[in-house]
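Protein chains: 2
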Amino acid sequence: MADTASTTAPNAAPSIGYELLRQPAQAGDHDALIQAMERDGFTFVVAPVQAEGTPGAAGVDASVSAADLRAPLDRAELVVQGPDFAAVTVAAVPPMLDAATVKDEVLRNKASLHFRRLVHWTGHLGVSAVQVPLPSDAAAIPEFARQLLAHAIPLLPYSALWVRVPLGDADAWSRWNLVRTLAGHHVKVQLLLDIGADLPDGPTDRTLARWRGEPLAAISLRTSAFLTNKKGYPVLSKAHQALVRPILVRNPHVIVSHDGTQRELAAYQQYVAFLFRSQPAPSVIDQFAAGYHDYLQSPLQPLMDNLEAQTYEIFERDPVKYAQYQEATRKCLVDRGPQPQVVMVVGAGPRGPLVDCVLRASAEAEVAVKVYAVEKNANALVSLRHKQRSVWGDQVEVVFADMRTWQAPEPCDILVSELLGSFGDNELSPECLDGVQHVLKPDGVSIPQSYTPFWAPVSSSKLWTEASAAKTVAALETPYVVMIRDATVLADPQPVWTFTHPVPVATMQPENAHNERYSVTEFTMRDEALVHGMAGYFECVLYKDVLLSTVPATHSTDMTSWFPIYFPVRFPVAVSKGARVQVHLWRATGSHKVWYEWSVVPLAALADGLASEPARVPAGYASLIHNAGGRSYGIGL
Amino acid sequence: MADTASTTAPNAAPSIGYELLRQPAQAGDHDALIQAMERDGFTFVVAPVQAEGTPGAAGVDASVSAADLRAPLDRAELVVQGPDFAAVTVAAVPPMLDAATVKDEVLRNKASLHFRRLVHWTGHLGVSAVQVPLPSDAAAIPEFARQLLAHAIPLLPYSALWVRVPLGDADAWSRWNLVRTLAGHHVKVQLLLDIGADLPDGPTDRTLARWRGEPLAAISLRTSAFLTNKKGYPVLSKAHQALVRPILVRNPHVIVSHDGTQRELAAYQQYVAFLFRSQPAPSVIDQFAAGYHDYLQSPLQPLMDNLEAQTYEIFERDPVKYAQYQEATRKCLVDRGPQPQVVMVVGAGPRGPLVDCVLRASAEAEVAVKVYAVEKNANALVSLRHKQRSVWGDQVEVVFADMRTWQAPEPCDILVSELLGSFGDNELSPECLDGVQHVLKPDGVSIPQSYTPFWAPVSSSKLWTEASAAKTVAALETPYVVMIRDATVLADPQPVWTFTHPVPVATMQPENAHNERYSVTEFTMRDEALVHGMAGYFECVLYKDVLLSTVPATHSTDMTSWFPIYFPVRFPVAVSKGARVQVHLWRATGSHKVWYEWSVVPLAALADGLASEPARVPAGYASLIHNAGGRSYGIGL
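Going down the list, the sequences are from chains A and B. Residue 449 in full-length UniProt numbering sits at position 449 of the first sequence, and the numbers go up by one each step. Residue 3 in full-length UniProt numbering sits at position 3 of the second sequence, and the numbers go up by one each step.
Source of the hints: derived by calculation from the structure; they are not laboratory data. Any given hint could be a false lead.
[Stated by the list, open to error] Going by beta-carbon spacing under 8 Å, a handful of chain B positions derived as facing chain A:
| no. | residue |
| --- | --- |
| 1 | Ala58 |
| 2 | Ala62 |
| 3 | Ala66 |
| 4 | Val102 |
| 5 | Asn109 |
| 6 | Pro142 |
| 7 | Leu182 |
| 8 | Ala183 |
| 9 | Leu624 |
| 10 | Ile625 |
| 11 | Ala628 |
| 12 | Gly629 |
By construction, the Cβ of each residue, glycine as well, lies at the ideal position given by its N, Cα and C atoms.
All chains, full assembly: derive it from the sequences and hints.
Right under this line is the structure:
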């Protein structure tokens, strides 16, 4: 059964600010900066805390005493002197930490005090955000992370915290990754990606993928990265556009960072606003998912709960899915005709869209059908019976029954169902279809004939911190239906297992054991990354070559019925470039529920033999078996 | 101030059992096995669940149907047929899982059902333990771990679970490590180390170190590993003894595993009992620590709490420490004499043992002293004043004061204190001595003159699971005083930082900032391992060459005053052989407390430049900064 979103949310207006990197900021300049902001159409401004040339404005000043660093700042050295316009102001803290500073106890202490007082002042003002540059020196990263945790986060209850990371620096991702890891994935620690004239080597897709899973709050576009078009206006090169446009979909704050000689900043604002406006129209799927990107939902429990009218309505909005069902039924009727066919639609819903599909297919195939529409939800029966009387007539018989226990008056030729979840079998289609299989003739056909879940490791700070927010073990051992966007899928999705219908009776086992599964999938990492879990999809064979797919590479065009599914891990798993990761998944069945258990195992944790070529890959810490024994999550039978 | 144990516990009697590996077990053999056990002096017996030749006795039997595997076992196929003597019986489950079995869904299901019913039966009997062989095939390990979690642990509420691991298999540690990692360090999953004739390559110390941090419950000694001495009795070779004797200190269950032709088993029992009896006498320190090995205690809070009489008494039992204090004071008096010296003992305690040291040193050095005995604990003053009147006389003046605020009537030449914790400065000796430094003459001497904490990464399932048991973040962000035994120290301890007294007044900073510290230590891993935290020690210079040390390589002989300290990590950090690990430690000071923050960073998580030779080491997942901002733990000022 379809699993997606139930409402939509409006898009926010773009947030475009500016900063003057080469123009010395004087005390009290904030007023002038705000005036220019309003004049040139910006919505915010980035200002340094201290005026140029004042002690500490450019970093730690060894000549300032520790006592002075504990004393209040002097109004005469401040660019932003009071809380007016704080809500449209981002405060910039200068770089302070390098290897030498962190090694010298006195300097380190001064850096800590200086950082603390600058952040304290900005927190007092209530600026919208504070930006802090990522140290270029790896040895300074642990102290940097510690200062964020000890000073910035507690002192900024109302302001965002942006770590400014240069996109052009090939090692920047590793340093950034260490910061947020040391900071325990603290939600306050967000990313400001600084985009200059030089882009990283390699294809743009690769660059984007590297950062897609990160908690990106803002980007900075340096004016030196712009070209001038024939009319004299600033524009981005094709390469820069290819990089920036996909990021704008996330609606980040954009900073025009003026690092050249004075020019009209308004033109940059207009160009960035144009980029926002001229984004390609969202796909049908993205339109449908608007407001639901990266929003975690618990999968449906269709057997335990009766669905509500609105839920059915959303499912039935998807024209693509029903077109495929109609085509599958048509082909099957042609293959089995011309004699009349008995078709049973199990799980018909209040409006019976699959019944409509069958009737249209029957007309197209010119094969007569007798249709049974079976539904267990008493509330759905009200509309279904009305439709039978007013639209379908005698060709359709409506049955109020749980398909698993229904005693059908005759066997059927074709059994049509749509009981699929985001991971294929996760809404118990196998169990339901086993239960109703007794109504099918020995040579009868199930539509769908089979379905196969796929999955791939995913890095997404967003998804993982959302799942972590509950601070319970169970929340990190539960799969979620989610329209994944701010995430990097780290390898091509691979098939997990396949369920085929009808099941040969000889292979059916007691206590549903034939629906238990164990799968080992193996993935090679394209880049150094943190694995935050698995992204799941499915492919379904409705009939012969008529398919449904939510796997990105083969996704049924414009089909909106299913979002992907996200299986989190308790602790992110660090993997290096080229490392292979084995992922284990169990589908377990009990007397009252079905559940998954999963584990991510960096390969060297297994025997050398398995992991020896091309080179011995590093052993990471294998994640424990999630949801062992179904302790955190199960789908009720 | 000393930090160790406060009571002692008795040793348990050795537990020695046997099993017959080559003799086919018949249904109902249990009675005979128990009779032989009693006859030969054993305390328990290991018996297979099923009789030899019955379906499934040797592993999964594909011919047994799934339905039969769900049915009750037949009494006629059982070796142990009822609960009599269950408390002295260990049930042995046969090996079931290999790569082929886990790949075949039907076989895997049968293995799961078979394992479940055997374990269920043993759990019903209430045997003392169930032993399960570690699969020799790495590909079977995840399914094995899952069966332990899903079937064994829930079905064995009263029985231990022993995973039998062959010591002679060089890859066994990795497989075992994967099992317990996948099982989330479940405390039920314990180790049975199977010791045969062939020992692993390499020095015995290395072999022992590999397994010392594991949750070892039992060892098996194969009779084929024994030699026969001149009198015809079985004995272990020197190499085997070197391996086994250190393990016996942990008092494991020992199984004599008879894998040869029939011989008198009683002789083996006698030999193992002899090994237990003939253990070298425990060191003074181990005697003192008896019952406190691996028992986590919170460090003292000597400034916030007044100590109790019993605590003082334990501290004062250590003759070595006081001998060193006496010698340090003597040397200092000789250097400063012959004119009379003013000596202040700060933190004198109820019996003033340091005052005694000073008086004895004065007599030895033939330098007269005037002693002030300063103590803030009002209850200690009662005894201290009595001792002054009854023993010391006018040479000693007792002062009731907090040393940090005491207005001394005259300056002193020598300031004697013992305020050291297990990590040197962790009981705030720096803060106390800064506070009292004003009483010292400009050329005066502090005894101690300096102290330096040391630490090293440690692997210890025991310590980590103990700290995890509270299931709180805070419990894994708190250091513990603990007599570490079941642990592998993974590299040589390294110095962290040094505090020196008196502090030059010019370097003193407001708000105690001069007692803040930041240390980066780097360790190379001897073996693939899991880092469960850091083991901390200290070295102290009392005066010139008179030292105290708890660092293992330089430990002051028989000094019992301090146990080591253990800093846990939230999640174990996996490291490969030869990997380098950087550990960051901060000592932070606030207005009301002092605290540590720490993080373990596998080196490749820093820049390549730091980690590039000899080979690029794997990036693990850097642990977050523990106790950031002192959120979980602090030492009150």
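Hint check:
1. Ala58: violated, 23 Å
2. Ala62: Violated, because the Cβ-Cβ distance from B/Ala62 to chain A comes to roughly 14 Å (cut-off 8 Å).
3. Ala66: holds, 5 Å
4. Val102: Where the cut-off is 8 Å and the nearest Cβ of chain A is about 7 Å from B/Val102, the hint holds.
5. Asn109: holds, 5 Å
6. Pro142: It holds, given that the least Cβ distance between B/Pro142 and chain A is near 5 Å, below 8 Å.
7. Leu182: Because about 5 Å separates B/Leu182 from the closest Cβ in chain A, which is inside the 8 Å limit, the hint holds.
8. Ala183: With a closest approach of 7 Å, the B/Ala183 hint holds.
9. Leu624: holds, 4 Å
10. Ile625: Holds, because the Cβ-Cβ distance from B/Ile625 to chain A comes to roughly 5 Å (cut-off 8 Å).
11. Ala628: holds, 4 Å
12. Gly629: Hint holds; B/Gly629 Cβ to chain A Cβ min 5 Å, cut 8 Å.
In summary, the numbered hints that this structure violates are 1, 2.
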